[in-house]
Amino acid sequence: MLYCIKMAIYGVINLKAKFSQYLASIAPELKRLVAILGESYDYVSVLSTDSKGISLTISQRAKNVTTQNITTERGSVVRVYKNGLYSEYAFNCFDSAEKLAERAKAALDSQLALLKLTGSKVYDTAKLDDSPMELFVEKDAEILPEECDAGEFINLFTELSDEGMKTIPGALDVMVRASGTHINKMFLTANRDLRQSYSYVEGSAASYAPGKDGDMKFTHVGVSGCGGMELLYGLREKIKTLPGVMADLVASEKIVPGEYEIITDPTVTGLIAHEAFGHGVEMDMFVKNRALGKDYIDKRVGSDKVTMHEGARCDESVTAFAFDDEGTLAGDVIEIDRGILRTGICDALSALRLGVAPTGNGKRQSYDHKVYTRMTNTVFDSGDDKLEDMIKSIDHGYLLRGMQSGMEDPKHWGIQCIIERGYEIKNGALTGVCVSPVVMTGYVPDLLGGVSMATGDRVVEGNGACGKGYKEWVKVADGGPYLKTKARLG
Amino acid sequence: MLETLKKTLASLGADGWELTENKTSRWEFYFIRHSLDQNRAAETVNYSVKVYKKLEGGLLGSASCEINPTDTAAEVEKKLSDLLERASLVKNPEYSLVSEKITLPDKTERVDVQKIARDFIEAVASVPETESEDINSYEIFVSEITRHTLNSNGVEYTAVYPASMLEIVVNARREGHEIELYRQFNSGSCDKEKVRADVLAAMRTGRDRLSAEPTPRVENIDVVLSTEDAVSVFEYFTMNANVQAKYRRISPFEKGRPVCDWQGGDRISVRAVRELDNSSRNFPVDAEGSVIEERDIIKDGVLCDFWGQRQFSQYLGIEKNSVISNFVFEGGSALSEELRSGDYIELVEFSDFQVDSMGGDVAGEIRLGYLHKDGETKIITGGSVSGSMLEAAPTMKYSRETAQYDNIVIPAVVRLGNLRITGVK
Chain A
1 MLYCIKMAIY GVINLKAKFS QYLASIAPEL KRLVAILGES YDYVSVLSTD
51 SKGISLTISQ RAKNVTTQNI TTERGSVVRV YKNGLYSEYA FNCFDSAEKL
101 AERAKAALDS QLALLKLTGS KVYDTAKLDD SPMELFVEKD AEILPEECDA
151 GEFINLFTEL SDEGMKTIPG ALDVMVRASG THINKMFLTA NRDLRQSYSY
201 VEGSAASYAP GKDGDMKFTH VGVSGCGGME LLYGLREKIK TLPGVMADLV
251 ASEKIVPGEY EIITDPTVTG LIAHEAFGHG VEMDMFVKNR ALGKDYIDKR
301 VGSDKVTMHE GARCDESVTA FAFDDEGTLA GDVIEIDRGI LRTGICDALS
351 ALRLGVAPTG NGKRQSYDHK VYTRMTNTVF DSGDDKLEDM IKSIDHGYLL
401 RGMQSGMEDP KHWGIQCIIE RGYEIKNGAL TGVCVSPVVM TGYVPDLLGG
451 VSMATGDRVV EGNGACGKGY KEWVKVADGG PYLKTKARLG
Chain B
491 MLETLKKTLA SLGADGWELT ENKTSRWEFY FIRHSLDQNR AAETVNYSVK
541 VYKKLEGGLL GSASCEINPT DTAAEVEKKL SDLLERASLV KNPEYSLVSE
591 KITLPDKTER VDVQKIARDF IEAVASVPET ESEDINSYEI FVSEITRHTL
641 NSNGVEYTAV YPASMLEIVV NARREGHEIE LYRQFNSGSC DKEKVRADVL
691 AAMRTGRDRL SAEPTPRVEN IDVVLSTEDA VSVFEYFTMN ANVQAKYRRI
741 SPFEKGRPVC DWQGGDRISV RAVRELDNSS RNFPVDAEGS VIEERDIIKD
791 GVLCDFWGQR QFSQYLGIEK NSVISNFVFE GGSALSEELR SGDYIELVEF
841 SDFQVDSMGG DVAGEIRLGY LHKDGETKII TGGSVSGSML EAAPTMKYSR
891 ETAQYDNIVI PAVVRLGNLR ITGVK
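These protein sequence lines map, in sequence, to chains A and B. If you count the first sequence from 1, position 435 lands on 435 in our numbering, and the numbers rise without skipping. If you count the second sequence from 1, position 217 lands on 707 in our numbering, and the numbers rise without skipping.
Rather than coming from a laboratory, the hints here were simulated on the basis of the structure. The structure presented is a predicted model; accordingly, all values stated were derived computationally and were not measured. Keep in mind that the hints are not guaranteed to be accurate.
As the list claims (entries may be wrong) - To give an idea of the interface, some chain A residues facing chain B are shown, with a C-beta separation under 7 Å as derived from the structure:
hint, residue
1, Ser55
2, Arg74
3, Phe91
4, Pro257
5, Asp409
6, Lys411
No residue lacks a Cβ here, since even glycine has one placed at the ideal position from N, Cα and C.
Okay, chain A solo, but in the shape it has when bound (with noise of 0.2 Å):
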């Protein structure tokens, strides 16, 4: 099979984020390491990452520049497959391929023969398809993360945060920080050259205020995407719903903790999705059978209202990509069709265990940490309902806004959200009282089935970073419209 892809974003806009002429130039001597490598091993794979990038961070009281961020690197990574085993070598020092070949195997048999000693057998695989592809991708960005005149965005940001100061009420900071990496990867095998490159931006505005109980009341707001730093110019809007937001923050209350009837906005929804039906179907957790999904799927899991995608395809975000960290193509399932859970997301060695097609979903936090598999944009569908037809639906409730944080619970279902604030609703209107913070727990199922109503709108945002367990942090997005359901709140 061979493909040959051009991407283009935005239809007027038509820079190109250019391949890395580094990941170019090593290409020859990594194919021949893939040649060396493969006379003693059934299969080899290298990825090899040159992503540039910058982080800047401007506030009232410190200013900060710096080009790395949590996806900037540069290095490669040999996978190695023989006897039912995989196993991987990471280096960033660039050497001869024959030299290459002799570190990583000289590494990888002291591993071996620790493993002789310790009597440890294999979780016995089967060997990884080769068939032949080549793809090159170029997405648009005007403005690469790398090339950007720092000093432009600091003005904006200062600007932004002196307004902020001016209109936030009680503002002790106002803090806009924004990241952005030119993301450059290369994976080669003796039948493969997959090359990608594009940018993605992410940036927030920031402000804290004590509130009236003597607490520190902090709200934000962000942008992000796929495309280059000019997304940032996005936050100038953004900014103007702080003032009303920390008011509000400064003046809310404890909620009572009990059972209510909620409406979720866009970033709840998809902190939602992401925690109860993104973690609860990354397959490498159904092959160690840690989730609960595995004996659900064709089952109803939800209500008619909920249908779930999930894929690097499914919207351009932070993480857009067009390939993944194993080589397999980006791709789009549909996780709940309508309630019904249909399948989970893949990474390739988990796929071979499981008998099914990866998904395109097999990432790492960077060059020298494991594949697994992981999320990419996890968005609920849009319905047809009117935000204020759900208002006036419920007698007593919560309009939670603004998420903050939470946990899965694959193997039980249970999930837990932190959530920045809620609005009161009594009688089929809001009566302006807020409530902050907000626990929101419960049983994903009963969650999700009791997903009555939900806008024609929809949001897909990508700030900030996923964990699996408390570690490897990728990015992901995630998103969707506003949803009437029930849920525990505390």
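Given the coordinates of chain A, work out where chain B should sit on it, guided by the hints.
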């Protein structure tokens, strides 16, 4: 590469610079049950450079970047030259870099990555499993890290240290119902006995969770924490004693003043230490080149002084400071069993227990707890705990006994009032 960097920085005329070289050699083993899923080795070198430029009006510019070991001399020169230009745009009040020469000997003892990895594999293999409790999967990470710190004032120090992590998932099952417990243990090297004991403790927790009933509605009951989740309660104090939190006006703490309005609770005492036995953060010199001095941070509930980065320290008028890697909290006034008296709820397992150091908000979904009420004990699950450290800390009592979690020693048991429990029935 180091010589190229030093030479280039000198030729470009930076007013100051800091440079860190990090060499990492890491072994990783991934097991599903006790079968090897994958083995990995990583050998990497990373260079971080921060340059400084004096600006008009008492301001100091700075910017930082990463240099790749594969960068050519010309690429290094271009990167550093661009960096200096950017530094002139990033204007902060002036502060000075470390200039005190380090008299401590370099820490050069090599780390036996292979032996530590073997110890972890053997320690996990030695855990007795039964039909009802066993190990689902585990991941072992063992690193030898060599950190070489230099700056333009001639400060230079090298520390070689181990950093390890065991992530393990255990299952417990009964009558067709299976639950799992996730644990992540960080340490310097492998303490085989401790690993074994910690995994066995997780299995015991799993057994009890199978017998748990939904958390009932309970009001005005003290919460007892006795696991690693309690670390975040104590980190609320160390985070608010940080110079950056103070300079950014996030921390309400004041030097020489009580860190909260103590109302009958034990008064916190915490000390910064250079090294802790088996900590994964045993480097005696911080990344800026400051020697980590052992000292009291909070004593008897009163803040002695803030700790942290040089920049923010100097803005607060603290000339000499360092970034602390290891903390030791003193034990409290009571024995653990004395804290476990009367009515209380002991929470031992959460989805994710969080204490927000910025506002003091406390939140966590309960996966396992023990409700002690009216002389009876119920094993409970579900619901949540929430509240604020501002209300809970003043009455907090904690045990004389202490427990170590990687780079922090805290009282083994802590009892908190004024938190809310949201039940599920």
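Consistency of the hints with the structure:
Below 7 Å, beta-carbon pairs count as interface contacts, and Ser55 (chain A) has none with chain B, the closest being about 9 Å; its hint is therefore violated. A least Cβ separation of about 5 Å between Arg74 (chain A) and chain B falls short of the 7 Å threshold, and the interface hint therefore holds. Against a cut-off of 7 Å between C-beta atoms, the interface hint on Phe91 (chain A) holds, since the closest Cβ of chain B lies about 5 Å away. This hint holds: Pro257 (chain A) has a C-beta 4 Å from the nearest C-beta of chain B, less than the 7 Å allowed.
Restraint check, Asp409 (chain A) versus chain B: the minimum CB separation of about 6 Å is within 7 Å; hint holds. Given the 7 Å rule on beta carbons, the hint for Lys411 (chain A) holds: about 5 Å separates it from the nearest Cβ of chain B.
Comparing the model with each numbered hint stated earlier shows that hint 1 is the single one that does not hold.
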